[in-house]
Each structure stands twice: as structure tokens, then as C-alpha cells.
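K.L.:
Line order of the protein sequences matches chains A and B. Sequential numbering from 1 applies to the first sequence in the numbering used here. Sequential numbering from 329 applies to the second sequence in the numbering used here.
Mixed in with the good hints there might be a few duds.
Claimed, not checked - Over 10 Å on every C-beta distance to chain B, these chain A residues come out as not near it, computed from the model:
id, residue
1, Ser55
2, Gly190
3, Asp238
Stated by the list, open to error - One side only, chain A facing chain B, incomplete, derived with CB under 10 Å:
id, residue
4, Asp97
5, Arg154
6, Arg156
7, Ile182
8, Leu184
9, Ala277
10, Tyr278
11, Arg284
12, Glu287
It is worth saying that the hints were derived from the structure and are not from the lab. Where a beta carbon is used, it is the ideal one built from N, C-alpha and C, also for glycine.
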Amino acid sequence: MRILVKGAGVAGLTVAWQLYRHGFEVTILERAERIGTGASGFAGGMLAPWCERESADEPVLTLGRVAADWWEAALPGHVQRCGTLVVAGSRDTGELDRFASRTTGWEWLDEAAIAALEPDLAGRFRKALFFRQEAHLDPLQALSALTGALEETRMRFLFGAGGVPAEAHYDRTVDCTGPAQIGLLPDLRGVRGEMLLLETGEISLSRPIRLLHPRHPIYIVPRGKNRFMVGATMIESDDAGPITARSLMELLNTAYALHPAFGEARLTEAGAGVRPAYPDNLPRVTEEGRTLHVNGLYRHGYLLAPAMAGEVARRLLAEQRQPERKAS
Amino acid sequence: MLTLYGTSVSSRLLLGTARYPSPAILAEAVRASRTDIVTVSLRRETVGGKAGGAFFELIRTLGVRVLPNTAGCHTVSEAVLTAKMARDVFSTDWIKLEVIGNHDTLQPDVFALVEAARILSGEGFKVFPYTTDDLVVAERLLEAGCNVLMPWCAPIGSAMGPVNLPALRSMRANFPEVPLIVDAGIGRPSHAATVMELGFDAVLLNTAVAGAVDPAAMAAAFTGAIDAGRIAFHAGMLEPRDMAVPSTPVIGKAVFS
């Protein structure tokens, strides 16, 4: 079967890889001139289904727990399995109990255990939750490595507005264009997210840190080379404009609260992206004629795209085995 | 029935729409609560002048009356501007007026509140002011044109429940004819029942439901508690006594010994 995958964000590339592995002939079409221009490029890259379960439904955990293995198999060496550390300021320790009561897969750490894991946080927090099974990756590196791996398979990439192929040349189209489908796919909406990149040599972290706060919970993901990603806001809007002053202040304030070293860090990038979401904030694979839509990955692109890619492959393989069923 | 600015509503629970795990769960909670009025924050969801499109559309489809709020505003002019924006977005002249004076406690700036209430009432808005339990401020808000008062019972989102019962009692006693809605500070259904037992007309809450493990079930629990408190208020409760009173007859026993 010849498949056209539209969109080279995390969903499109993941689907393309999965379909390639199952022997489909795939072409990827991306409207932008390069990869990583959409929300996928601004992501945290946390593979943290146990933490996410705090505010998400069960499928985020059941579908998301395979993600780290999927990425490791596709891109050996890219996944860092260092767990997630969850902390709270001294006046917000109640938030830690609340977080613990809604999640599983954690263990309590005392001050000494925190210092053993993250020496630079020694003495700053008396207790923490450690989610040992969680992992993270660098989203842009992962996207570009996946693109490289796909190019090595001689898969066709069509970038930019020109050269749009006739969809009739393909047996099926898999649309992974995310927010471009807002207003077209029923119930799909945009949720704005904003992030920062900070650079400092004064602190080093080995794993994503989540700082709980009643108003502004944030996470900081170490990206290597003294770089730290700070995210992310959640705003009900499909506006993709530059970060607002208020969001910038909130993110910086909370980063500073995690460690004063971030006060002297360089702000090297501030980004905003629109995450597509359905009303239940869970992704879906839907069918519309000859097109399969993978959409609604919300804030769980890297976490849930592998499961969605698996679902697309299952459907297309079933169709390949019984073509007459789909034709009817 | 509760009448607010000439509109009768049957539910005495007003529900906030922020901080739910997902819009689907928000919709479930609204249904489970059987509320007639939801509040929506405009400030946060209007980045780049775009009014949170799909989310507001979702709110509109809930089929309940929308009470937009000015949450996050710190000055009179900010609050007035946000109220006008809300009127356009939701085609309503109702506005929950919130002017924050202290960043830490989110305590209302009552001076700015009275000023903003006067401006907005003058422009035809039906103002629901989020205020403290201060009687003098309440008086000024009524003078400024408000027909409803919404005192806190504890700081927003604190879940402390009523921290000053005498103040709430005295507010009820001083304004017997004004609809009084306890807004902010409610953490659990028993808190809501308590203020309803005092004779308050309704309760507005958000975090207590949105932050629950099962928001829809918690919304239903609050509705039950609010009903119970209201019925109890009308039924006339016993006041505490210093001595025990047996519920079964005691004739023939030496009770006065």
C-alpha cells in the first residue's frame, strides 16, 4: 500500500516510521520548509505517563508506558531513563501529598536521597516524589534523528508549499497536521503552550524536575550543554503568537524558586505553540473517507504518538489483509 | 427559587469553569451539578486579543447561563475593560466583578471594587461583586448599584471553608433582602452546607470541584449539601444547649434529682 503522511511533526514522523517498519511505501508531506516548526519543536520531551496521570485519564498511562521503549527502539541512545523528580516549596508541601494521592509509580525521597540524585538541589527541599520509571528525550534531536533515519530508508520527503502530490496516487492518506485541522475536525481545539530555554553553567540537573505550585506548576528539563527547558503554560487559545509578559514572569519566577542559579541564566529562547486537543484531552485516530486522522495529542505528543502510530498501523494492516471490507 | 437581577434560577450552586482536567470533565461536572450558572474567566484565555475561541464555544454549548468574571484584574480600568470585552464575547450584561488587591491572598481591593462597580452599574451592567465580609464595603457596593453581594468565606482556592462565621451571620442579618452568594474559600460540601444553613442564598465555587479526583461526583455532592443546607435553614434548626435533652420521654424518672 502507498501511504501519504501529511505533517512532519512528532505524530507524522512517528506514524511514518511505524508504517515503514510494517513495509508500507510512505511519502511525507510537510507544509513548512523544515521539521520542528510546530508545537513538536517546543515540547518538553518528557515520557512521564505516571506524573501526567495526576490530571489526565487512565489511557495516558496505559498508552504512554510503551513510549520510552518505542523511542529507544527507533532511536537507540536518545532516551534517558533517569526518572522524574517532583518537589514543592516549603509552604506548598501539601501539593506533594495531593500529587502522590493521584498517582502511582513513585517513592518518597528524603533530603539525603534528593541530594544523592540531584546534588545541586541539596538542602533546598526536605522531601520529594521520585518516579523512577520515567524517561525523557530532546524533542528536536529526536525529530531530526527520526527524519535522518527515515531518509536513510529512501523515504520521500516533500517540504514547503510546492510539489503537493495528487492524493489519488496514494491508497490512503494519514493526516497528522495537528492544529491545522482546528475548525475542520469536529471538537478539535487549540491549547496554547509557552516555554523558555535557559542557559547556565551554575547548576546541573540529570532529569526533569517538576515544581508543584498551587498556581504555577512548572517543569524544567535538562537539555545538556548547560541548557534547560522551562515549561509550560496551558491556555485555552489557538493563538500561536509570541510568549506574553505574564507567562514569561510566571515561568521565570518559578524557575528561580526551584534554584536561584536560574536568576543568572541566559534566556536564549522563548517559544509558543498550539497543541491540538479534543474535549477529553486524549488523542484519537479517526477516519474520513480515504484519510486517517491522527490528532488531539494535546500536551502528550512524544508520550502518546507511538501508541497512535501503532493504532494506525493496525488499521492499515487489517485493511491490507481484507481489502474488500474497506471497499464496501 | 433564587432571583438574581430579575432572573430566576433553581440551582443555588454557581460553578467556575477553570482548572478542570479537560473540557469533557468540566461538561460532566456541570451536568452532575445541575447548575444554572457557570462563571468564565476572560483575562486568562484571551491571548493576542483572541477570545479563547473553541473553549468559549464549548462553554456556550453547556446550555447554562454564563457569568463572565474579571479574574486576574488588579485595577479599576483593567476590570472595566475586561467586563466590556466579556459583554461582547458572551452577549450578557452580567459580570462577576473581581479586582484583586493582594497578590498572595488574592484579597479583593474593596476600594477599587466599589469604584469599578459604580462605573459598570452606570453603564448598565448587572454587577456581581466579589467582596470581603465587611459590612461597610457591602453597603457601599449596594449604593454603587449592585443588587447582589458575593462575600468570600476564605481566600480563593484555599479550601479553608468559613473562617469567620460571626461575620457571615452579621452580613446575613444586615442585608436580609439582598441575594448573598458565598464566593471563594469553600473546600468541601460540609462548608457549603454550613453557609447555606446560615441563610446564604447560594454558593459559588470552582477549585473544590475542579481539583477533586472525580469532579463530576464532587459537583453532585456539593449540590446535595447546598440543598440540605437550604432546607435546614427553612426548617429551623435547634440552637446548641448547655444540657442534654433526652429524645425519649422521661416521665417517672427522677430527672430533677
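K.L.:
Which hint numbers does the structure go against, in order from smallest to largest?
P.N.:
1, 2, 3, 4, 5, 6, 8, 11, 12
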